[in-house]
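Asks: One letter stands for each residue in the lines below.
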Amino acid sequence: GAVVSQHPSRVICKSGTSVKIECRSLDFQATTMFWYRQFPKQSLMLMATSNEGSKATYEQGVEKDKFLINHASLTLSTLTVTSAHPEDSSFYICSAGKPQETQYFGPGTRLLVL
Amino acid sequence: AQKVTQAQTEISVVEKEDVTLDCVYETRDTTYYLFWYKQPPSGELVFLIRRNSFDEQNEISGRYSWNFQKSTSSFNFTITASQVVDSAVYFCALSDMDSNYQLIWGAGTKLIIKP
Chain S
1 GAVVSQHPSR VICKSGTSVK IECRSLDFQA TTMFWYRQFP KQSLMLMATS NEGSKATYEQ
61 GVEKDKFLIN HASLTLSTLT VTSAHPEDSS FYICSAGKPQ ETQYFGPGTR LLVL
Chain Y
1001 AQKVTQAQTE ISVVEKEDVT LDCVYETRDT TYYLFWYKQP PSGELVFLIR RNSFDEQNEI
1061 SGRYSWNFQK STSSFNFTIT ASQVVDSAVY FCALSDMDSN YQLIWGAGTK LIIKP
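From first to last, the protein sequence lines are chains S and Y.
Here the numbering used here is used: the first residue of the first sequence is 1, the next is one more, and so on.
Here the numbering used here is used: the first residue of the second sequence is 1001, the next is one more, and so on.
Here chain S stands alone, though its shape is the one from the complex (with noise of 0.2 Å):
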């Protein structure tokens, strides 16, 4: 299957610092990348919609100001948690793929926001 990076692996910040994860697919183009956050012992819940070129969409109930994602290549999103509380403190996970065809999943970022 494809390859999806995603860095950092961990990141421990203080409360009110921004916070940028990377998510790069490695070995295919997307067009369409995806943003979930994750809960412990929770399924996955998403975020947003990176498409590339183009504006992100947000799920209902997610900030948009305060998660910035920004899709500039084909092959790289990024999400930037601006200003992070400890609530923000979560596993994010992005994956890549095509509508209809299968999402394949980076490794996942803990963010811990002391």
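Source of the hints: derived by calculation from the structure; they are not laboratory data.
Cβ coordinates follow ideal geometry from the N, Cα and C atoms, glycine included.
Be aware that a few hints might be false.
[To be verified] Derived DEER-like restraints, expressed as beta-carbon distance ranges:
#1 Y:Ser1061 <-> S:Met45: 18 to 24 Å
#2 Y:Glu1059 <-> S:Asp65: 42 to 48 Å
#3 S:Lys66 <-> Y:Pro1115: 43 to 49 Å
[Unchecked claim] BS3-like, lysine-lysine: derived pairs with alpha carbons at most 30 Å apart:
#4 S:Lys98 <-> S:Lys64
#5 S:Lys64 <-> Y:Lys1003
#6 Y:Lys1003 <-> S:Lys41
#7 Y:Lys1070 <-> Y:Lys1003
#8 S:Lys66 <-> S:Lys55
#9 Y:Lys1114 <-> S:Lys41
#10 S:Lys14 <-> S:Lys66
#11 Y:Lys1038 <-> S:Lys41
#12 S:Lys66 <-> S:Lys98
#13 Y:Lys1038 <-> S:Lys20
#14 Y:Lys1110 <-> Y:Lys1016
#15 S:Lys98 <-> Y:Lys1070
#16 Y:Lys1003 <-> S:Lys55
#17 Y:Lys1038 <-> Y:Lys1114
#18 S:Lys55 <-> S:Lys14
#19 Y:Lys1038 <-> Y:Lys1110
#20 S:Lys20 <-> S:Lys66
#21 Y:Lys1003 <-> S:Lys98
#22 S:Lys20 <-> S:Lys41
#23 Y:Lys1110 <-> S:Lys98
#24 S:Lys66 <-> Y:Lys1003
#25 Y:Lys1038 <-> S:Lys98
#26 S:Lys20 <-> S:Lys55
#27 S:Lys41 <-> S:Lys66
#28 S:Lys41 <-> S:Lys14
#29 S:Lys41 <-> Y:Lys1016
#30 S:Lys98 <-> S:Lys20
#31 Y:Lys1110 <-> Y:Lys1070
#32 Y:Lys1070 <-> Y:Lys1038
#33 S:Lys20 <-> S:Lys64
#34 S:Lys41 <-> Y:Lys1110
#35 S:Lys64 <-> S:Lys41
#36 S:Lys98 <-> S:Lys41
[To be verified] Away from chain S, derived, C-beta distances all over 10 Å, residues of chain Y:
#37 Val1014
#38 Asp1018
#39 Val1019
#40 Phe1054
Chain Y: place on chain S using the hints.
Replies: Chain Y alone, transformed into the frame defined by chain S:
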């Protein structure tokens, strides 16, 4: 509305036993896709299988097999001769036109294989 139900929250078996993870789905579309993913403790989601609604053939891949039955809207997953490395959370997911082919996730089943 679409829905995926994994009624088994947690299953625990002894190594070498066979185990079946259930998945029941709901959709109004005639064209849809079903998936299984494995999430080991490391957190990464590993793709296992994708099946479209027009292909009801069961599939076997090594110790893994999948039973797709449209009549009961089920897509069950069986691991034969389970191993400790199979311990993980397994997610079933659905995508269809109504959801713009975004993944609709089940709650997941935590599988524990005891040595």
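Asks: Report holds if the minimum CB distance from Y:Val1014 to chain S is greater than 10 Å, and violated otherwise.
Replies: holds, 23 Å
Asks: Starting from S:Lys41, check that the Cα of Y:Lys1016 is at most 30 Å away, please.
Replies: Answer holds: S:Lys41 to Y:Lys1016 is near 26 Å, not above 30 Å.
Asks: Check the non-interface label on Y:Asp1018: least C-beta distance to chain S beyond 10 Å or not.
Replies: Per Cβ check, Y:Asp1018 is outside 10 Å of chain S; nearest 25 Å; holds.
Asks: For the pair supplied as a hint, S:Lys66 and S:Lys98, confirm whether the alpha-carbon distance does not exceed 30 Å.
Replies: holds, 26 Å
Asks: For Y:Lys1110 and S:Lys98, compute the direct alpha-carbon distance and say whether it is at most 30 Å.
Replies: It holds: about 28 Å lies between the C-alpha atoms, which stays within 30 Å.
Asks: Just to be careful, I want the Cα atoms of Y:Lys1038 and Y:Lys1114 compared with a cutoff of 30 Å; is the pair within it?
Replies: Since the Cα atoms of Y:Lys1038 and Y:Lys1114 sit roughly 18 Å apart, the hinted pair holds (cutoff 30 Å).
Asks: Given the proposed pairing of S:Lys98 with S:Lys41, does the C-alpha separation stay at or below 30 Å?
Replies: Distance of about 28 Å is within 30 Å: holds.
Asks: Just to be careful, I want the Cα atoms of S:Lys64 and S:Lys41 compared with a cutoff of 30 Å; is the pair within it?
Replies: Given that 30 Å is the threshold and the Cα spacing comes to 25 Å, the pair holds.
Asks: Holds or violated: S:Lys20 with S:Lys64, Cα cutoff 30 Å?
Replies: At roughly 14 Å apart (the allowed maximum being 30 Å), S:Lys64 and S:Lys20 satisfy the hint.
Asks: Compare the distance between the alpha carbons of Y:Lys1110 and Y:Lys1016 with 30 Å, and conclude whether the hinted pair is satisfied.
Replies: Since the Cα atoms of Y:Lys1110 and Y:Lys1016 sit roughly 17 Å apart, the hinted pair holds (cutoff 30 Å).
Asks: Quick one, are S:Lys55 and S:Lys14 close enough, alpha carbons at most 30 Å?
Replies: holds, 28 Å
Asks: Under the criterion that the straight-line Cα-Cα distance not exceed 30 Å, is the pair S:Lys98, S:Lys20 satisfied?
Replies: Holds, because 24 Å separates the two Cα atoms, which is no more than 30 Å.
Checked against the numbered hints above, the structure breaks only hint 1 and satisfies the rest.
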